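Q: Listed below are the residues making up each chain.
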Amino acid sequence: MTTPQDTTPGVPPTRERPEDIRAVPVRHPGRWVAIACIAVLAAMFLHAMITNPVLHWDVVGQVFTYPTVIQGMEKTLLLTLCAMVLGIVGGILLAVMRLSRNPVLSGVSWLYIWVFRGTPVLVQLFFWNFMGAIFPRIGLGIPFGPTWVSWDYNSLVPLFMVCVLGLGLNEAAYFAEIVRAGILSVDEGQAEAAASLGLTHAQTLRRIVLPQAMRVIIPPAGNETISMLKTTSLVSAIAFEELTRAGQDIGARTLYIIPSLIAVSFWYLLFTSVLSIGQFYIERHYGRGTNRALPSTPWQKVKANVLTLSLRNPGGTTGGSL
Amino acid sequence: MTTPLQPMVRAEQVHKSYGQLEVLKGIDLEVQPGEVFCLVGPSGSGKSTFLRCINHLEQINAGRLYVDGDLIGYREKNGKLHELKDREVALKRRDIGMVFQRFNLFPHLTALENVMEAPVRVKGEPKQAARERAEARLAQVGLADKGASYPSQLSGGQQQRVAIARALAMEPKLMLFDEPTSALDPELVGDVLDCMRELAEQGMTMIVVTHEMGFAREVGDALVFMDGGVVVESGHPREVLTNPQHERTRAFLSKVL
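Line by line, the protein sequences give chains A and B. The first sequence runs contiguously to residue 324 in the numbering used here. The second sequence runs contiguously to residue 386 in the numbering used here.
Isolated chain B (complex conformation):
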């Protein structure tokens, strides 16, 4: 069981390189349960890579990364790290929902089938029960009438909300958002952000890579500014966004705000 003070995510000196290129150069941070944690920074700063490390879509090269007290991707035994099997990694990912910049809905399945797929295949829920719950999930994101539509028949904003419903269907304890509104028309961004705001109000722990500073300021509980693979500055969003301490943060914010 989790102790009340155990952070949902703890990163200790996380390093990640692609060949010669070091993308993460020692990230230390903690995300508390129930927190909305915003990662901001210029492109190429490593924020998306770090997010993908949290559910082991990318493997880290050095350091330790814990989710809910468990090491990600490995098991530590007698001071040695053992890689987890495919099945064990899959088991841990059930608890971590992820929403992608480009939605990544399954195009050959309807919206409803997209939401049902994981509960039925992974958790073994009976189809009828899963269908009812999936309908409820879609209603929750305001798409009760779109269950029978294929992703190509939905707008970007609707697709992203289906993607959120799909991730929520696994009842995760942590949600990762990888620039969820960057691929959307400006008109449609609001719907997705509202959806996320509602989720935050329900107490979901969320890590959000975003360029929506307004969202970060209003909804965020903590904010980290990353650049060049390191954490430059962190604190409460209102603090960091209105009164940045570092020159680099100031330069970045002056361009995006």
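Only chain A is shown next, with the shape it has when bound in the complex:
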């Protein structure tokens, strides 16, 4: 450092580098006051929760792992997965239709979104549940002509399928708008560059536009998935035995209503937490090429914070502040 190495002609000889700045950091007394206040409030809350006789924490624990609750939890997960797959596939299809130059396709998509976004999902679930009353038999054949084969609606579409249809088709309408916004966010020059290379419309969409749209689509998609996980509780209204229903049943039978609901809530919290973590890593994956430095993972942040706290190294870069 002290020896001048840079002797390029035209560049003045480097002077000795001044020593690193070692300033006294700004103190934040407000933070300590806030921490104290919150600590007291949290202690009060915890105390109230633990000592409240109505909450029956031992029962919460039992209900949490009760077989019907576990079964309900599994069904909730499966239902979330199936409804989201239907919603995402349907949403992408609807978005592409909506942006199509074919006026019939974009009109149909518009109508679909109008109907399914415009009515409550609970009402739609009831409709799918009672569809058997409107169309008792579903058949394949020539339109307005003879029918070759037909099935009974209620045996063709079991209750689980009713739930998937009701939630998934509703989700598709919302997801379509998310995908459409994502596609529109991609610069037009991208499609032009792809076209000039000889890619067809379909290839351009799949290879160039959608991957870039994902960056815009993923955050609300994660939101939708988390929302869907909780919306599945609505199907308890059409007597499908999922998590909420399982909790309610135990509550009704044993009169431990609130402990059962708390146990169920913990399951929901657990899964929404897992989904949030998943969302973070997916966002990170699709952020490739856009951020010079990818956002650090929570683990990296913790490591950075611990390092700065323990060393208090001056001039060191910190990931973020409180």
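No lab work stands behind these hints, which were simulated from the structure alone. Since we're looking at a predicted model, the values are computed, not measured. Beta carbons: idealized from backbone N, C-alpha and C, even for Gly. Take the hints with a grain of salt, since some may be wrong.
Here chain A is said to cover these stretches of chain B; the calculated rule only asks that three of the stretch's residues, wherever they fall, bring their Cβ under 8 Å from a Cβ of chain A [as the list claims (entries may be wrong)]:
#1 155–167
#2 229–238
#3 241–254
Quick list of simulated restraints, FRET-style, between CB atoms [to be verified]:
#4 B:R204 - A:S102: 21 to 27 Å
#5 B:R204 - A:F162: 51 to 57 Å
#6 B:E205 - A:G141: 46 to 52 Å
#7 A:R17 - B:S284: 29 to 35 Å
Based on the hints, put chain B in the right spot on chain A.
A: Just chain B, lined up with the frame of chain A:
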């Protein structure tokens, strides 16, 4: 097969309007194979629009536009024009490379993947072969060590050279350059122009919309000055740039030279 005298691009009375606004008011010109053809003129003169018509990014409203003897965007049958299908248009665009003012690299792909994309997807080249050729293309534009970088990690000049490599990967017979150096820092313009000069020396037919009069004079074989949607003056670049015949050309050149 092409006859030796067939021009690479032939425009006959090309008209183009956006609604009420007529941007091209009857362009006639011919670009010979192997020629470096420069389009200059003030902004809004229609030169970029004309360039975009050549690979059918814009549709023309009247006249005829041929590339290598084929009508662009249409098929003529029994004296009637039929629009080409998406797939057929895509097929013709393979032979016409284009470089944009704002690079338009695919930001989610690395430099190497940008260059490989079209050969693999459009021509169906096997990945390994395409990768090797893409590496060679990048080396050709002086970016052999940047294959793994994403566009956001490259300077403007490097991005534009990747864009040139990407267009060349399809082995086009015609290259269109739409103000390739206008979005670059002055320091980086030279690298891109060198790259284009080398391409010209290899005999590539190039149509270049540019404000780089030095490049036009040194490398160009023909030059057209456009203004208000018409060709005002054309000829050899040295002729037109040093001895412009029209008042409008003189006024423009006095400002940019």
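Q: Indicate whether the distance between the beta carbons of E205 of chain B and G141 of chain A respects the range 46 to 52 Å.
A: Since the Cβ atoms of E205 of chain B and G141 of chain A sit about 50 Å apart, the hinted range of 46 to 52 Å holds.
Q: Examine the region 241–254 of chain B for residues whose CB is less than 8 Å from any CB of chain A, and state whether their number is three or more.
A: Three-residue rule met by the region 241–254 of chain B, so holds; n is 4.
Q: Is it true that R17 of chain A and S284 of chain B lie within 29 to 35 Å of each other by Cβ?
A: For S284 of chain B against R17 of chain A, whose Cβ atoms are near 30 Å apart, the range 29 to 35 Å holds.
Q: Okay, R204 of chain B versus F162 of chain A on CB: inside 51 to 57 Å?
A: 53 Å, holds
Q: Is it true that the C-beta distance of R204 of chain B to S102 of chain A lies inside 21 to 27 Å, as the hint says?
A: Hint holds: Cβ distance 24 Å, inside 21 to 27 Å.
Q: Count the residues of the region 155–167 of chain B with a beta-carbon closer than 8 Å to any beta-carbon of chain A: does the count reach three?
A: violated (count 0)
Q: Given that the region 229–238 of chain B was listed as covered by chain A, double-check it with a C-beta distance under 8 Å for 3 or more residues.
A: holds (count 8)
Hint compliance for this structure: hint 1 is the single one not met.
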